[in-house]
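For reference, the chains in residue letters:
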Amino acid sequence: MSPRAFKQWAVPVALLVVLALVPQFSIDIPYVFNGAINTPGTLQLLALCLVFGGVAMSYDLLFGYTGLLSFGHALYFAVGVYITAIAITKWHWSFVAAIAFTALIGILLPLVLGAVSLRVGGIAFAMVTLAFAQAGSILAFKNPYGWTGGEEGLGADYTKLPAGLVGIFNTKHLYWVALGFVTVAFVVVQWAVASSPGHIWQAIRENELRVEVLGLRPYAYKLMVFVLASFIATAGGVVYLLLLGGATPEVTSANFTLTLLVMVVIGGTGTRWGALLGGAIYTWANERLGEASSSHAISSLPSVLRTPLQQPLFVLGVLFILVVFFVPGGLVRIGKVRRPRTLQRLQEAMQK
Amino acid sequence: MSTFVLLTITGLGLGALYFLIASGLSLIYGLMGVLNFAHGAFLTVGAYALWFTESKLPGMAVLPRFLLGALAGLVAGGVFAALVELILIRPLYKRHIEQVLVTVGLGLSTTALVVAIWGNDARTVAAPAWLGKTTTVFGAHIPNDRWILIIAAIVVLIALNAFLKRTRYGLIIRAGVENRAMVTALGIDVRRAFTLVFAIGGVAAALAGVLSGVYFSTVDPARGTSLLIFAFIVVVIGGLGSLRGTAGAAVVVGLVQQYANYYASSGLGDLSVVLLLGLVLLARPSGLSRSFA
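From first to last, the protein sequence lines stand for chains A and B.
Quick note on numbering: this note's numbering labels position 338 of the first sequence as 338, and the sequence is numbered without any gaps.
Quick note on numbering: this note's numbering labels position 287 of the second sequence as 639, and the sequence is numbered without any gaps.
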């Protein structure tokens, strides 16, 4: 292993080891978590942070690396949640068959919908993806053939799930599954953006016309990244289903896609750690703000302050606006002056 | 026959509601290149201002109370939209993605704030009894509020057209859509036109909020977002930034939704609209109409 590769992977591997060991230690971190870190409640929250971190990374592939503003990413996450849940609960398929089928849909659906929506660019693309996601949301709410369970959602048939992934005592296994998902997502995303199509995605972000002038077809590359990002989101959806034990229509909503956008922008777009960090922080803050709103410290505030603080989405929405205004690069770029990209490229070329 | 008439007129009513939201979106996009995700919030502000004003005037007769509430709704929507433009959008000129992000954050947090203050439950709006009755046309019993929606949309369309074609500011806005740099180079402060367009869009969205309050006889925090999505579809089908295209698309979308809900199956209306969008994009990626106003 070359020293550069070592430098590149030492931090992620060390982090992975620390995170993998979390369920084995009973450490109490006051204020940050409610209870020791290896209690089921905290592990569940940590696992959710990891899942949304991974899904946010997939969204960053589209938005941060390729410059595609999609408002329909929730649809592909929901495919992972709903198709798996429906296959095992309503069609009584085995878990493996359900996963295989979900994976198939997770590739075919973005291939078809991406092929249509990528015919337009920019803002029109954003609205078209939003419309397709809305169709998914309508389907989930309308409860066709009684499959999706409508507003109430659908509990997964736990007898079909692997025994080690069911029940509160097995939360740590679920945590490891979530960690596995985010690790694979991280490696795939890093590998993809460093590959030659990855460079073309970033070139499309910088100047699509020039890519076209060079004789490449941006459409094909955009479709490629669209399918890859959607597939990762679908995988995240499956892990989410295992974690929560059921599907609820909230995951299909336009608000959920907007939430992904908020995560990526808060963390920092088009960076190694930004989306992961943003997804984890957002999920954690959303959960803890919700809990804190019933705490004594907040309920003793005057109602002008207390009322807005009871809604995590309000706090996070305002935080998001502040980040856009004052920390345009996201949290990972705090304190760093961004070097001009050309300089960075020159330096990389000279090191080779 | 009477069913068909009923479906057509209620479809037109729905299209009128979409048009009221989409016209502002389309104008703002045409002039500034901003996809305004806070437009649903303008609608919510208008609708809640109506409900709030009504709830503060318990003793009054229904009609003046409703009219006062509607007026408060329109003013609140316009003022809120203008403030949003001045405070949040103006500092980010020429950074379109950031502007869209800010409107996303604003849309999310406004809805959350409304939920925090007044809760998730729908609130009942009192409207004049006449609006709840029906008028018979060709044997079809048409709810009267649909007529009001259609008339409001036609008035807004004519007024906006007259404003764009006959006034100085309208000229500046049309010129700004064509070539903003040139308008600025001629020494005209195009930013004032931006605030104005936002305020107009806010009033139109608030009108949609007030009339949707009549249509559903309630106001609730989630409605802004759900109507906004259909307004987006209308704007894309109509060709971004074109007022006539938006009006045409609103009519088509409203009618398709009603017909599909009745003749195919209930619930298919929403899906058929999305399908329509896909078909239009496959046939004409630029939408049905390209030119502005």
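Check the hints yourself; a few may be wrong.
Stated by the list, open to error - Label-pair restraints from in silico Cβ distances:
1) B:Val414 <-> A:Ile334: 48 to 58 angstroms
2) B:Arg442 <-> A:Gly180: 41 to 51 angstroms
3) A:Ser300 <-> B:Ala533: 37 to 47 angstroms
4) A:Tyr31 <-> B:Ala413: 49 to 59 angstroms
5) A:Leu322 <-> B:Ala616: 27 to 37 angstroms
6) A:Ala194 <-> B:Lys446: 45 to 55 angstroms
7) B:Ala616 <-> A:Gly164: 39 to 49 angstroms
8) A:Val213 <-> B:Arg442: 47 to 57 angstroms
9) A:Pro197 <-> B:Lys446: 45 to 55 angstroms
10) B:Ile540 <-> A:Asn207: 28 to 38 angstroms
None of these hints come from the bench; they were simulated from the model.
Beta carbons: idealized from backbone N, C-alpha and C, even for Gly.
Results of checking the hints against the structure:
no.	hint	verdict
1	B:Val414 <-> A:Ile334: 48 to 58 angstroms	holds (56 angstroms)
2	B:Arg442 <-> A:Gly180: 41 to 51 angstroms	holds (47 angstroms)
3	A:Ser300 <-> B:Ala533: 37 to 47 angstroms	violated (55 angstroms)
4	A:Tyr31 <-> B:Ala413: 49 to 59 angstroms	holds (55 angstroms)
5	A:Leu322 <-> B:Ala616: 27 to 37 angstroms	violated (47 angstroms)
6	A:Ala194 <-> B:Lys446: 45 to 55 angstroms	violated (32 angstroms)
7	B:Ala616 <-> A:Gly164: 39 to 49 angstroms	holds (46 angstroms)
8	A:Val213 <-> B:Arg442: 47 to 57 angstroms	violated (35 angstroms)
9	A:Pro197 <-> B:Lys446: 45 to 55 angstroms	violated (31 angstroms)
10	B:Ile540 <-> A:Asn207: 28 to 38 angstroms	holds (31 angstroms)
The structure does not agree with the numbered hints 3, 5, 6, 8 and 9 stated previously, though it agrees with the rest.
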